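Let the sequences and hints guide you as you build the complete structure.
Line by line, the protein sequences are chains A and B. Counting from 1, position 122 in the first sequence corresponds to residue 122 in the UniProt record's numbering; the numbering is continuous, with no gaps. Counting from 1, position 373 in the second sequence corresponds to residue 373 in the UniProt record's numbering; the numbering is continuous, with no gaps.
Rather than coming from a laboratory, the hints here were simulated on the basis of the structure. A portion of the hints provided could be inaccurate.
Think about it this way: if two alpha-carbon atoms lie no more than 30 Å apart in a straight line, the pair counts; the simulated BS3-like pairs of lysine-lysine are [unchecked claim]:
(1) B:K397 to A:K136
(2) B:K27 to A:K85
(3) A:K26 to B:K424
(4) A:K136 to B:K27
(5) A:K92 to A:K59
Now the stretches of chain A that chain B is said to cover, found in silico as 3 or more residues with beta-carbon under 8 Å [as the list claims (entries may be wrong)]:
(6) 28–35
(7) 104–118
(8) 131–141
Here the structure is a predicted model, which is why all the values come from computation and not from measurement. Yeah, the Cβ is synthetic: ideal placement off N, Cα and C, and Gly gets one too.
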Amino acid sequence: MSSSVEAITVLSSDGDEFKITVSAAKLSKPLNWMLEDVCFSDDCDEVPTIEVNSKTLVKVIEYCEKHAPRANSGASDSDAEELKKWDIEFMKMDVKDILFHILMAANYLHMEGLYDLACQTAADLMKGMTVSQIRKIFHIKNDFSSEEQEQLRRQHPGCSFD
Amino acid sequence: MEMEVNGTVPFLPEEIITDILKRLPVKSLIRFRCVCQHWKNLVKNPSFITDHLRHSGHHNPNFLFFRPSSSRRDYTASLDLLNCEMQVRDLQKAPLIDYLWAGRFKIIGCSNGLLCVVIHSKEIPRPPSSVLLWNPATKDVTEVTRPRTIDSCKFSCKFGFGFNSSLNDFKIVAIDDQIDRMGVYSLSRDSWKEIELKNFPEDFKFFDETAVSSNEAIFWKGQKGREEGKGVIVSFDTTKEVFTFIPWPTDTASLSFVNLTVYKDKLAIFHSGSDGSLWVWVMEEDIGSSRERWNWSKKFIGCHYPQMFNCVGTIWRNDIVIVGNTETTGKEGPKRHLCMVNLTTNQFKMIDSPQYCPVEFLNYVESLVPIFNIHNIEEPKTDVSWPGSSLWGEIWKLQIPERCKMFLWLALHKQLLTNVSRCKRGLSTDARCPICNGEIETLLHVLRDCPATADLWKQLVPMNLWLWFC
Numbered sequence: 001m002s003s004s005v006e007a008i009t010v011l012s013s014d015g016d017e018f019k020i021t022v023s024a025a026k027l028s029k030p031l032n033w034m035l036e037d038v039c040f041s042d043d044c045d046e047v048p049t050i051e052v053n054s055k056t057l058v059k060v061i062e063y064c065e066k067h068a069p070r071a072n073s074g075a076s077d078s079d080a081e082e083l084k085k086w087d088i089e090f091m092k093m094d095v096k097d098i099l100f101h102i103l104m105a106a107n108y109l110h111m112e113g114l115y116d117l118a119c120q121t122a123a124d125l126m127k128g129m130t131v132s133q134i135r136k137i138f139h140i141k142n143d144f145s146s147e148e149q150e151q152l153r154r155q156h157p158g159c160s161f162d
Numbered sequence: 001m002e003m004e005v006n007g008t009v010p011f012l013p014e015e016i017i018t019d020i021l022k023r024l025p026v027k028s029l030i031r032f033r034c035v036c037q038h039w040k041n042l043v044k045n046p047s048f049i050t051d052h053l054r055h056s057g058h059h060n061p062n063f064l065f066f067r068p069s070s071s072r073r074d075y076t077a078s079l080d081l082l083n084c085e086m087q088v089r090d091l092q093k094a095p096l097i098d099y100l101w102a103g104r105f106k107i108i109g110c111s112n113g114l115l116c117v118v119i120h121s122k123e124i125p126r127p128p129s130s131v132l133l134w135n136p137a138t139k140d141v142t143e144v145t146r147p148r149t150i151d152s153c154k155f156s157c158k159f160g161f162g163f164n165s166s167l168n169d170f171k172i173v174a175i176d177d178q179i180d181r182m183g184v185y186s187l188s189r190d191s192w193k194e195i196e197l198k199n200f201p202e203d204f205k206f207f208d209e210t211a212v213s214s215n216e217a218i219f220w221k222g223q224k225g226r227e228e229g230k231g232v233i234v235s236f237d238t239t240k241e242v243f244t245f246i247p248w249p250t251d252t253a254s255l256s257f258v259n260l261t262v263y264k265d266k267l268a269i270f271h272s273g274s275d276g277s278l279w280v281w282v283m284e285e286d287i288g289s290s291r292e293r294w295n296w297s298k299k300f301i302g303c304h305y306p307q308m309f310n311c312v313g314t315i316w317r318n319d320i321v322i323v324g325n326t327e328t329t330g331k332e333g334p335k336r337h338l339c340m341v342n343l344t345t346n347q348f349k350m351i352d353s354p355q356y357c358p359v360e361f362l363n364y365v366e367s368l369v370p371i372f373n374i375h376n377i378e379e380p381k382t383d384v385s386w387p388g389s390s391l392w393g394e395i396w397k398l399q400i401p402e403r404c405k406m407f408l409w410l411a412l413h414k415q416l417l418t419n420v421s422r423c424k425r426g427l428s429t430d431a432r433c434p435i436c437n438g439e440i441e442t443l444l445h446v447l448r449d450c451p452a453t454a455d456l457w458k459q460l461v462p463m464n465l466w467l468w469f470c
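Put into structure tokens, the structure is as follows:
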């Protein structure tokens, strides 16, 4: 049904329209299913909504378009090496407020490559963070009693419980 | 690293947080126990421990080696770790390492991040040897209760250590030097079981102390008969607790060294011929009905590795790792180094020459695995919460056909191609449901309201919940 279409249009959760090429959309299983099962003809007025905000969706599509050629055809080692470098650069950009959104989107769109990449980036960032910084970004409340805190403080000198 | 927090940082669902945490090193996870109760319990949670272990085993298999940190007389040693990026780092400065170094010790195995170490005292009269289980990452260490067998035979015992995944248990094996009794220790029972050994051949002899474990079995090298070259591999099935004797794949008489190791979870042997050639054999278990149960695949690695004579070694990832000699320089005699030979490219290289040569080395994966009765760990109670977005992850993890996952995903996105949406797209002119032939086929009709579906729900959903369901 969709073989004649080269790009599809999707709506972000903010209501913006985005074009994504069919080969890039195939990186996401559910998007691929939609392509197979739902008719995307030009006269069709229905555009599928992706539960991802515009800012994040731009990044996700950027990732898809970059990785699509390799995923679809297989690539040489040098390409893989280049892609790895690109991934590192990609993750450097604006990670602070977008990384977790990308994580959620990759999980929701079932994109293993992007999900692994984002998880690893988050883990690498966490290694250098203090306990209170961790609580902040994960919205976690310190729920230890004062006795427990005292005990933990003895086991982990230097950990803050503020 | 500074991380600014603003209103846009979303709440991550539990499952994503777990996926991030399992990528952290043990050191960070232990530090993050201070974050909250839940994270403190998570590092003790058996399924998280397993996830973490699986991830680091797959992505970050390390190589561990013991080496004297200065001259032998100082009795100080270090435990170093070589990671996949080929960086060497000091794993831990622990009194235990110096303690081990001062005595006579042997690491009998390493499995799932736990080391099993036997310590023989140097005192005379010799007190009984002790067996330690040690997780260098969490710094937990414990002495295993002593079996009677070890008390009586001391350090001439042959040991083995391995994890049995079907029993979810670690086992330590000790065979006395007369080879007539053995003890099998189970960590989950924290006790030894003594077994009389009957099926060992009269003239059997262990080759050396090295044991390897893979696939729920522990293997040793041995020899049958006086004739040289009649090598045999002893395999101990840690589930059934029985021995099997596997013949060597090749005549061992002319070999200058033979090493038992594990390659891609299979038992493997590598050896050298007198000409310096290097061979690897990997045991493929025969599934067919032929009488020969053991099938070996043979691989020639190369011819010119003269540095590697008379060495013990192992296979780490895709490399043979052994201690080799470099050319003799000056009066100190040959220097010894860790050497690697790649199994695919056959390339030879030396690892960043450590000052003193390793004396013990093994494959190692960092883990949170605790050293106490592993079955006594309580699963911490977690709140049953279903944040909307976590639903997706739940769908991907279901053990159901791909087609069904797709159906669920499309249904949740209201993207199922019902007759109503077919009509909208001009693919059909009849929007009615073909089963009940009455109402128009909307998503809710298909999934809930059609009499055919509703009957099913009535059987599945308890009556007191019907009100909520409609």
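A quick look at each hint next to the structure:
Restraint check for K397 (chain B) and K136 (chain A): satisfied, since their Cα atoms lie roughly 29 Å apart, inside the 30 Å limit. Restraint check for K27 (chain B) and K85 (chain A): satisfied, since their Cα atoms lie roughly 27 Å apart, inside the 30 Å limit. A C-alpha spacing of about 25 Å is found between K26 (chain A) and K424 (chain B), which places the hinted pair at or below 30 Å, so the restraint holds. Distance hint between K136 (chain A) and K27 (chain B) is fulfilled; the C-alpha atoms sit about 20 Å from each other, no more than 30 Å.
Note on K92 (chain A) and K59 (chain A): the hinted pairing holds, with a Cα-Cα distance of about 12 Å set against a maximum of 30 Å. Evaluation of the coverage hint for the stretch 28–35 of chain A: fulfilled, as 4 residues show C-beta separations to chain B shorter than 8 Å, against a requirement of three. Only residues whose beta carbon comes within less than 8 Å of a beta carbon in chain B count, and the stretch 104–118 of chain A has 5; three or more means the coverage holds. Counting residues of the stretch 131–141 of chain A whose CB falls under 8 Å from any CB of chain B gives 10; the rule of at least 3 is met.
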